[in-house]
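Peer 1: Just need the whole structure built from these sequences, with the hints factored in.
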Amino acid sequence: MQGSPTPKLIANALACRRGDRLLFRGLSFEIGAGEALHITGANGTGKTTLIRALAGLTTPYAGEVTCEGALGLLDERTGLDLDQPLGKALAFWHRIDGCRDPSGALKVLGLEPLLDVPVRYLSTGQRKRAGLAALLNRGVPIWLLDEPLSGLDAAAIEQVTALIALHIAGGGTALIASHQTLAIDGLRTLAIEDFAPMDEPA
Amino acid sequence: MIGALLKRDLGKFFPFAGGGAALPVVFFVAVAMLYPFAVGPDQELLGRTGGGVVWIAALLAAILPLEKLVAQDIELGTFDQLHLRGLTEEIMMAVRLLAHWLSFGPPLILAAFPAAALLALDGQSLHLLLLGLLAGTPGLAAIGLIIAALTASLRAGAALSGLMLIPLALPILIFGAGALARQDQASLGFVAAISLALVAIAPLAAGAAIRAARDV
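Chains as they are written, first to last, in this note's numbering: chain A, 6 to 207; chain B, 52 to 267.
Watch out, some of these pointers could steer you wrong.
[To be verified] One side of the interface only, derived from the structure: several residues of chain A facing chain B at Cβ under 10 Å:
hint, residue
1, T71
2, E73
3, A75
4, E81
5, L85
6, K93
7, F97
8, D102
9, G103
10, A139
[Said to hold, decoys possible] Computed list of lysine-lysine pairs in DSS-like fashion (alpha-carbon distance at most 25 Å, straight line):
hint, chain 1, residue 1, chain 2, residue 2
11, B, K119, B, K58
12, B, K58, A, K93
13, A, K93, A, K112
14, A, K93, B, K119
Hints in this document: simulated from the structure, not taken from any laboratory. Since the structure is predicted, the reported quantities are computational estimates derived from the model, not experimental observations. Note that beta-carbon positions come from the ideal geometry of N, C-alpha and C, so glycine has one too.
Peer 2: Spelled out as C-alpha cells, the structure:
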C-alpha cells in the first residue's frame, strides 16, 4: 500500500491566517509511519486552514511543511461531479489514480447500492463515504482528513474510525482534524487553540 | 491522467454529450435566423451585413458557457484533488481550454453553414467566414477561460464575465469581420496571431487565477 520511503509529515513553526486574522502560530509536529495526530479545536479556529496548508493548497504565513510520501485529502469537497451517477463520478478518479479494482472499498463502505444515484441526490454522509472510498482506492500513505466524521451515522462513524485505525496499523500516517472524539488507540492529540496568538486584540 | 481529464471535461462541455451544453450553437443559429426577419428579406443588404452579424453571434455565444467553465470545479474541489495528484493548475487549465474550444469552436463552424444560407452569404464570404471562425474561436475560448477563472470566486461572476469578454474580444471581431467587409483574407492572419498569443497566455493566467482563488 505504501510507497518506498516511509511516510513523514512535519510542520515546523507553522503560522496561518485567514484574511487579516492570524489563526495560529508556532505550530509544530512530526508524524511518521503508523502514527496519527488528532487536531482538535472549535469551529473557526483554523483546522481546515491548517489542513489546506499541509496539503500545499495554500502557502502558510510563516513556517514550513515537509512531506515525504504522497498526500491524500478528504474534506467536504470531494471532487465528485454532481450531475454524474456516483459510479461514473468515482470511476473518473479511479482512472486518474490508475486504480484497477475499486470494488473492495465500495463494498466496505456500503456504496454499492448507490452507484446509479446522481451525486447531487446523495446525503452528506453518503458523499463523505464516497470521498473516503476514492481516498482508499488511491492507496496513498499520508491521509489528511478534515472532519471525516461529520454527517455520518453511528454505524458509519464506527466503520470510518476502524478504517483509519487499519490504515495506521498498516504503516500509514493520518492527520485528522475533528471536533468529535475519535476512538483510535495511540492517537496523539494537538489542540489548535494552544497556538492561538495571545496578544491579538479580539 | 491528462487523457482521463480531457475525456471528463469534454463529457461536461461537449454539446449533446450528456452535459447538454448545446446552448451556444442554438443561440448562434437563432441569431442568424432572426436577423433576416428584423431587417427584411433584402438579399443584397443581408449579404453585405450578414457576415458581421455571424461574428457578433459567435462572440456572444462564447459568453454562454463561461458560468460553468471553472467556478463549478472550484466549488467541487476537483482542482484541489488534482493538485494533490501532482498536476499543476496550468496543465488543468490547458486541458480545460482544449475541451472548451472543442465543445464550441467546431460546432460553431459547422453551424456557420446554415447561418450563411439564412443570411444569403455568397461562396467567397462563407469561405472567409469559416477561415475567420477557425482562426478566431481559439482566441475567444482563451479569453473566456481567463475571465471564467478570474471571476470564479466572485458572487456576480457570471454577469461580470460577459461584460469583460466583450472589450477583450474586440480585436478578433474587428479583424475577423473586417476580412468579410474587404473580401480579403489578409487580416485573418492578425486574427490567428491574436488567437495564438491568447492561447499561449490563457493556461498560465487562468492557472494563477485559480491558485489565487484558494487564498481567500
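Peer 1: Hints first: check each against the structure and report whether it holds.
Peer 2: Checked hints:
Below 10 Å, beta-carbon pairs count as interface contacts, and T71 of chain A has none with chain B, the closest being about 16 Å; its hint is therefore violated. Evaluation of the E73 of chain A hint against chain B yields a violated restraint, the C-beta minimum of about 14 Å exceeding 10 Å. Annotation: interface hint on A75 of chain A holds; nearest CB of chain B at approximately 8 Å, less than 10 Å. Evaluation of the E81 of chain A hint against chain B yields a held restraint, the C-beta minimum of about 8 Å falling below 10 Å.
For L85 of chain A, the interface hint holds, the least distance from its beta-carbon to any beta-carbon of chain B being 7 Å, beneath 10 Å. The interface hint given for K93 of chain A holds, since its Cβ lies 9 Å from the closest Cβ of chain B, which is under the 10 Å cut-off. Taken as an interface hint, F97 of chain A checks out: its beta carbon lies about 5 Å from the nearest beta carbon of chain B, inside 10 Å. Taken as an interface hint, D102 of chain A checks out: its beta carbon lies about 7 Å from the nearest beta carbon of chain B, inside 10 Å.
Hint status for G103 of chain A: holds, given a least beta-carbon distance of 8 Å to chain B, under 10 Å. Residue-level restraint check for A139 of chain A holds (minimum Cβ-Cβ distance to chain B is 8 Å; threshold 10 Å). For the hint linking K119 of chain B to K58 of chain B, the alpha-carbon distance of about 17 Å falls within 25 Å, and the restraint holds. Restraint check: the Cα-Cα separation between K58 of chain B and K93 of chain A comes to about 12 Å, which is no more than 25 Å; the hinted pair holds.
Our distance criterion of 25 Å between C-alpha atoms is met by K93 of chain A and K112 of chain A, whose separation comes to about 16 Å. Taking the CA atoms of K93 of chain A and K119 of chain B, the gap is near 20 Å; set against the 25 Å cutoff, the hint holds.
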